[in-house]
Structures are given as structure tokens and as C-alpha cells.
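Trainee: In terms of full-length UniProt numbering, the sequence shown has 419 at position 419, counting the first letter as 1, and numbering is strictly consecutive.
Not one of these hints is a red herring.
The calculated EDC-like cross-link candidates involving lysine to aspartate or glutamate, where the alpha carbons are at most 20 Å apart (straight line), are:
(1) Lys249 / Asp229
(2) Lys401 / Glu534
(3) Lys524 / Glu534
(4) Lys100 / Glu41
(5) Lys249 / Asp88
(6) Lys254 / Glu130
(7) Lys42 / Asp171
(8) Lys252 / Asp161
(9) Lys510 / Asp445
(10) Lys754 / Glu742
(11) Lys452 / Asp374
(12) Lys127 / Asp159
(13) Lys211 / Glu270
(14) Lys249 / Glu259
(15) Lys249 / Asp159
(16) Lys209 / Asp61
(17) Lys377 / Glu447
(18) Lys113 / Asp292
(19) Lys473 / Glu546
(20) Lys12 / Asp111
(21) Lys510 / Glu536
(22) Lys651 / Glu625
(23) Lys295 / Glu259
(24) Lys144 / Asp303
(25) Lys249 / Glu94
(26) Lys295 / Glu134
(27) Lys114 / Asp303
(28) Lys569 / Asp552
In case anyone wonders, no lab produced these hints; they're calculated from the structure.
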Amino acid sequence: MSSINLWGYTEKNFQKEKYPLNETLFALGNGYIGTRGSFEEKSDFGGHDGTFINGFYDYYDLSYGEKYNGYPDRSHAMLNVTNGKKIDIYINNERFSLEKGTIKDYVREIDFKKGILTRRVTWISEKGDEILYESERLVSFYEKHLMISKIRITPLNFDGDIRVVSYLEGDVKNITKENDPRIGVEFHGDELKVLECKIDNNRGEIISKTKSSNLGLICLMANNIKCDDQYDSFYEQNDKSVSHVFNIKAEKNKVIDLEKYIVYKSYKNELNDNLYSEVIGIVEEAFTKKYDFYKQKQKEFIDDFWFNTDILIDGDDATQQGIRFNMFHLLQSVGRDSLTNISAKGLTGEGYEGHYFWDTEIYILPFFLYTNPDIAKQLVNYRYNLLDSARKRAKEMQYKKGALYPWRTINGEECSAYFPAGTAQYHINGDIAYTVCKYVEATNDEEFMVEKGAEILIETARLWLEIGHFNSKGEFHICCVTGPDEYTAIVNNNVYTNLMAANNLHNAYKAAMLLQKKYPAQYKKLIDKINIEESEIDNFEVAANEMYVPYDEHRKLYPQDDSFFDKPKWDFIDSEDKHPLLMHYHPLNIYRAQVCKQADLILAEFLLGGYFDREQKIRDYDYYEKITTHDSSLSTCIFSIMANELGLYDKAYDYFGDSVRTDIDNLHNNTSAGIHTANMAGAWMSIIYGFAGMRVEDGALRFSPHLPNQWNSYRFRVSFQRRIIEVCVTKNNTEFKILHGEPIMIYNEEKSIKVV
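Please model the entire structure based on the sequences and the hints provided.
Mentor: This is how it looks when you write it as C-alpha cells:
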């Protein structure tokens with residue numbers, strides 16, 4: 001029988017060298033609060049404790065040796081905020097710490113069904129005092145501003161003094177810039193200033209304010225101790241921290257319980273009485289309802305999540321654990337208020353500064369769209385809410401019309417200082433437009449298209465007419481762009497970009513025609529708002545139809561861009577131990593060669609598969625596989641999906657194996673900086689789009705299932721057009737069943753069937 005925990009991740013022996021990694025793996029979050037899986041007690045194992053609020057950031061100035069028009073003046077980064085987790089314990093004046101003493105027994109587990117982190121340690125002090133330490137931690141899905149820690153201390157072989165100190169610490173800092181450009185930020189340590197630190201009505205409170213972004217944060221704690229022993233308690237404070245101290249006359253085998261309620265609430269501009277009262281109300285309600293109430297609500301919320309989302313795999317326990325780990329962390333990381341999104345590292349670490357990228361639209365949003373469409377709607381709403389910022393960015397880049405979404409951002413401002421692998425990735429406009437259409441297609445939410453989606457499509461389409469041009473042959477060209485492959489920058493006619501632009505332009509035209517014919521009042525309102533002529537809308541369709549896509553007739557291959565095949569191939573043998581390449585070579589040396597960081601053309605052939613025939617896909621796959629490093633975690637899942645489509649099943653499973661356990665096995669050796677959210681969603685895509693062969697074409701759901709040799713069966717559910725459909729793939733057949741909603745016609749291996 002397998003020892004793998006199918007519904008959790010367990011650390012059975014403490015390994016201090018893995019402490020920074022495990023801070024990420026054991027992180028908890030609810031889409032608003034995220035906190036790393038650090039111990040409650042002070043520890044010095046080389047990790048970096050952190051608690052983060054989605055969308056809570058500060059600015060820092062960007063410096064350039066030479067600065068030109070359109071370069072962002074400043075960037076912003078997610079802040080490490082007030083630490084509410086810390087609880088120190090002293091056993092007869094000796095601090096409880098796994099750095100010293102003897103660990104007799106140890107287990108730590110994150111439970112995917114309960115949404116709780118637990119730890120159980122039997123520890124013997126250097127003086128010989130033995131305790132059983134047990135802790136539980138949850139970040140509440142029921143009340144998004146609430147985190148709770150519960151600890152239990154049992155003295156096993158002594159009577160004596162036990163001191164428990166529960167802290168709020170406001171003196172917190174982000175990781176500063178390192179040699180790795182993906183980690184660290186140009187902060188100086190004063191970005192989050194403590195305005196007030198006080199004790200009020202048996203609560204500890206810290207109010208902080210950012211240095212530049214004018215965001216504030218209230219953090220409150222309330223502690224509830226339960227024990228039969230005699231104890232006294234009091235508060236201590238200084239300018240940046242407050243602590244609640246409990247001195248207990250402990251007796252052997254008598255249990256000491258402490259429940260700690262921590263509330264975080266961010267605000268803009270100035271704190272007012274109503275907001276402050278709201279925060280007080282949250283902590284008082286939590287103190288009244290107690291931990292077990294929130295523990296039960298946590299389970300109910302997660303039960304609902306797994307009903308829609310779980311993938312049941314028979315025959316591969318490591319994969320079963322890996323995919324659940326990934327889906328659980330995606331749930332913990334995603335903003336659900338249309339004002340926040342999901343960052344490249346979720347809320348588990350400071351890598352990529354907490355920024356949101358195209359990862360959301362192309363990798364992460366499909367996961368939520370087909371499992372939790374209400375969350376998907378909030379993610380597309382987020383892009384609509386930033387449309388004015390995108391218009392402003394287009395003007396900063398000297399474009400007269402349209403909107404240009406930032407490559408990386410939190411609040412809508414462009415944060416990328418390196419334009420060849422940032423601003424030049426104009427495909428983000430096409431990515432967002434693509435996902436708007438996919439959202440409407442999967443939900444039948446035409447109201448969204450009318451009220452918001454059409455405006456996104458049209459404004460992003462206008463940008464293509466600004467940056468592209470018709471040549472003397474009447475072909476529409478887009479020059480000086482970077483596609484998804486960041487090892488090939490500033491090129492002309494990147495195939496992925498051009499095809500996504502054509503898709504954007506065509507769907508903008510369709511959306512305009514829909515409004516014009518079916519919703520004339522809304523159509524007039526929109527064209528008046530954005531000041532667009534019908535001739536410009538007509539040009540969308542012309543540009544889409546005349547979009548130039550390079551093709552090499554001699555090789556019978558699509559070049560990634562105009563000049564790709566003119567370059568020499570990269571020397572993969574010499575660079576075998578130098579990955580990722582960006583950490584070992586100057587960018588120009590990489591740009592001059594045929595080498596891909598990640599799926600680019602192959603991604604286009606997945607997303608816009610109808611443009612390419614099967615034989616073309618086979619030839620392109622064979623060519624590009626040989627020159628792709630997969631230095632990006634966004635790559636192997638796409639190669640897995642396409643390998644499945646092309647019948648390359650062994651390759652498909654190998655690539656999937658790299659994707660599904662990337663973080664849990666630390667395959668890129670950087671998970672300590674945070675999870676890889678896009679890759680996590682990509683693993684889900686590899687099963688649903690890959691093994692199950694799911695596609696949505698012309699509004700119809702299609703499947704072409706394959707059962708990997710390593711599995712006996714697999715079962716999953718998808719939400720589609722107000723229905724929940726269960727799919728079960730076995731060695732003998734594939735079964736479809738409606739769990740919620742009306743019967744629907746779908747396609748299985750090109751055969752039309754009615755699912756009831």
C-alpha cells in the first residue's frame with residue numbers, strides 16, 4: 001500500500017535544510033491573506049517568513065542607465081505585512097526551538113480536505129523537560145480577513161513554569177534584490193511604517209501605512225487561553241510590536257490550549273471609524289464563535305470546491321497527490337473580488353514581486369472557468385476594471401487609440417523595466433481578448449459581453465491597428481514584438497502574436513456586430529464612450545483576414561517569426577549544466593540563436609488549433625521540441641497537451657510528470673521563493689485538454705480521451721454552460737453524466753452524443 005498522502009502533504013521528519021522550501025509548500029491562503037508555512041516559534045533555518053495581502057503593495061523607483069519615452073518611472077511590489085503568526089514558548093525559561101534540544105517525534109501536514117496546517121512535535125529540552133507541542137493553523141475562506149492559530153502544550157514529565165508569548169510584529173521587510181532577477185525588490189525597509197501600536201480591550205493592534213502607495217493595514221489579535229493550571233497574563237509593547245504574555249504554573253500531563261485570532265484589513269487613503277469598527281467586529285465575532293466554528297466552515301467551503309474540481313486518478317498515487325496539491329494552492333491564491341487577481345507565485349512568496357501576468361488568462365483562468373466559473377468571472381472583471389489604466393498605458397507608448405495592458409502589474413501600471421521581455425510582449429492584449437471570448441463561450445454570459453467584454457475586445461483590437469501596418473501587398477504585419485518565448489525578443493511577425501491579434505480583431509468585429517444588431521442602445525453608448533467610427537471597426541475584420549503569418553515552404557514548417565530560421569541553432573551540449581540560460585548568458589547571445597525558453601508556436605497550435613492541420617502540427621512539434629529548454633515552468637504542460645493530441649503518449653506522460661509535481665518535488669530548485677501557479681494550472685490542463693482531449697469549438701464541447709498506461713482510470717468534472725458534467729475514462733470506455741443542469745449534446749471522438 002502506498003505511503004503517499006492522497007489528500008495532503010506530510011513532513012514526517014524535520015529537515016532544517018528544507019525549511020525555506022517547506023515555508024512555501026505548507027503555505028496557507030484564502031485569496032486575500034496568504035501566509036508562508038513558517039513555524040509559530042522563532043526559528044533560524046535560513047527561511048523567510050512572510051504574510052501577504054493580495055493587492056497590497058508599495059512603489060519603488062525604477063533606475064535606468066539610459067531612460068527613454070514609455071519606460072515606466074516606477075514599479076510596485078507586494079509587501080510582506082505584519083506578522084501575526086509568531087508565538088514563543090519557554091519551558092522552565094528555556095525557549096522551545098527545534099534548533100536545540102531533542103526532537104523525539106515530529107510530523108507536519110497540510111490537509112487539502114480541511115484547509116488546515118497541523119504540526120505535532122514531541123520535544124525534550126536541553127534540561128530534560130519533555131513536552132508534546134501541537135498546532136493548527138487556518139486562513140479562513142468563510143471570513144476572508146481572519147487567520148487563526150491554535151496551539152496545545154502538554155508537559156509530559158515535569159511540573160514547572162511555561163511561558164507563552166503571542167506576538168504581533170510590525171517590523172517586517174521584503175527580500176531585497178538578489179542576483180536572480182526573479183527574486184527580490186528595490187526596497188529599503190521603510191515601505192510599511194507602523195503608525196500605531198497599542199493594546200485596547202484585551203486586543204493587540206498594529207496600524208500601518210505604506211510609504212508611497214497610500215495603502216493602510218489594520219492588524220488585530222486576540223488570544224484565548226484554556227487550561228486548568230494557575231496562570232497570569234499581561235501585555236507588552238514597543239513602537240513596532242505588541243505581545244500577550246501568559247505565565248503558567250504547569251502540571252504534568254495537564255493540557256494548555258491557546259487560540260489566537262488574527263484579523264487583517266487593508267484600506268485606501270485614510271482609516272475611518274466605520275472601517276475600524278468593522279475590523280473590531282470581525283475579531284469579536286471570531287472570539288465569540290471560537291476556532292471549531294471556523295474549522296467546520298472551512299471544511300464546508302472546501303467540500304464544495306472539491307465537488308466541482310477533484311480529479312480522481314486510479315493507479316498513480318504520486319500524480320493524485322500532485323494534482324490535488326496544485327488545485328488546492330490555486331484555490332488559496334486566487335483573488336475573488338474583481339479588484340485582485342492571482343500572481344505568478346500566488347500568496348506564498350515574494351518571487352516576481354507579487355505581479356500578475358498573462359499566466360492568468362492562458363493557464364490559470366481555464367482551470368477556474370471549467371470548475372468554478374464564478375471565480376473566472378471575477379478574473380475577467382479584474383481586466384475590465386483595469387481598462388482605463390490600459391488606455392493610459394497606450395498613450396504613454398504614444399499610441400493615439402486603444403488600450404495596452406501591462407505585462408506585469410498589480411494595480412494596472414506597467415512594472416516591467418526590461419522592455420524586450422516585457423512591454424514588447426504585446427500578445428497579452430490578445431491573450432486577454434482570447435479569454436474574454438472563452439469565458440462567454442463556456443458560460444453563455446452574453447450580458448458580460450454586452451456590458452464589458454465588447455469594450456475590452458474593441459479597445460485591445462484598436463491597439464493592433466496602431467502597432468501593425470499593411471505592406472505594399474496588402475498584408476498586415478506586426479513588427480518589433482516578443483512572443484511567449486522570452487529567449488527570442490524584438491522580432492517581426494511572431495506567429496503566436498499575429499494569430500492571437502487576428503483572433504482579437506475578428507472577435508472585436510463580431511462583438512461590435514452583435515451589439516449593433518441585437519443591442520443597439522448599448523452599441524451606441526459604447527461607440528460614443530470610446531469615440532470609434534464604424535470604418536475603424538470594419539478595419540478590424542480586414543486586418544484579421546489579411547494578417548501575415550510567415551511560413552517556410554522549403555521546410556514545410558512555421559518559423560516562430562520572420563527571422564527565426566536565419567539564426568544558428570543553440571549549442572545545447574555546451575550549455576547542458578547552465579540552466580536557466582538567462583542566469584548564465586547575456587540576453588543578446590541567447591537572442592541570436594534558435595533556442596526557445598518555452599512553448600511559443602506550439603502554444604499557438606494548441607490555442608488556435610483549427611488554423612493548423614494535423615500533419616503540420618506533427619512537423620512543427622518535432623522541430624521545436626529539439627530546441628526548447630523548458631526553462632520556463634509554463635512550457636512542459638503545453639508540450640504534454642500537444643503530444644497527446646498527436647498520439648505521442650509516452651512523451652505526453654513524461655512532460656506531464658514534470659509539470660504535475662514541479663513544486664511538491666522542487667524540480668526547478670526555486671520553489672522556496674513561491675509556488676508556480678501557472679504550471680499548477682497547466683498540470684490540470686494537461687489532464688483535461690491533454691489526456692481527455694477536451695476542446696470547445698463553435699460553442700460545442702468535444703472530447704478525445706486517452707488513458708495513460710500508468711493509470712487504471714480517471715474521473716473529473718467540468719462546468720459548461722450552466723451544467724456540471726462528469727467524465728469517467730476507463731480502459732474499456734468513456735462515460736459522461738450530467739450532475740447538474742439540462743441534457744447537452746457533446747462530441748466524443750467526433751461522434752455526437754446526448755449527455756443526460
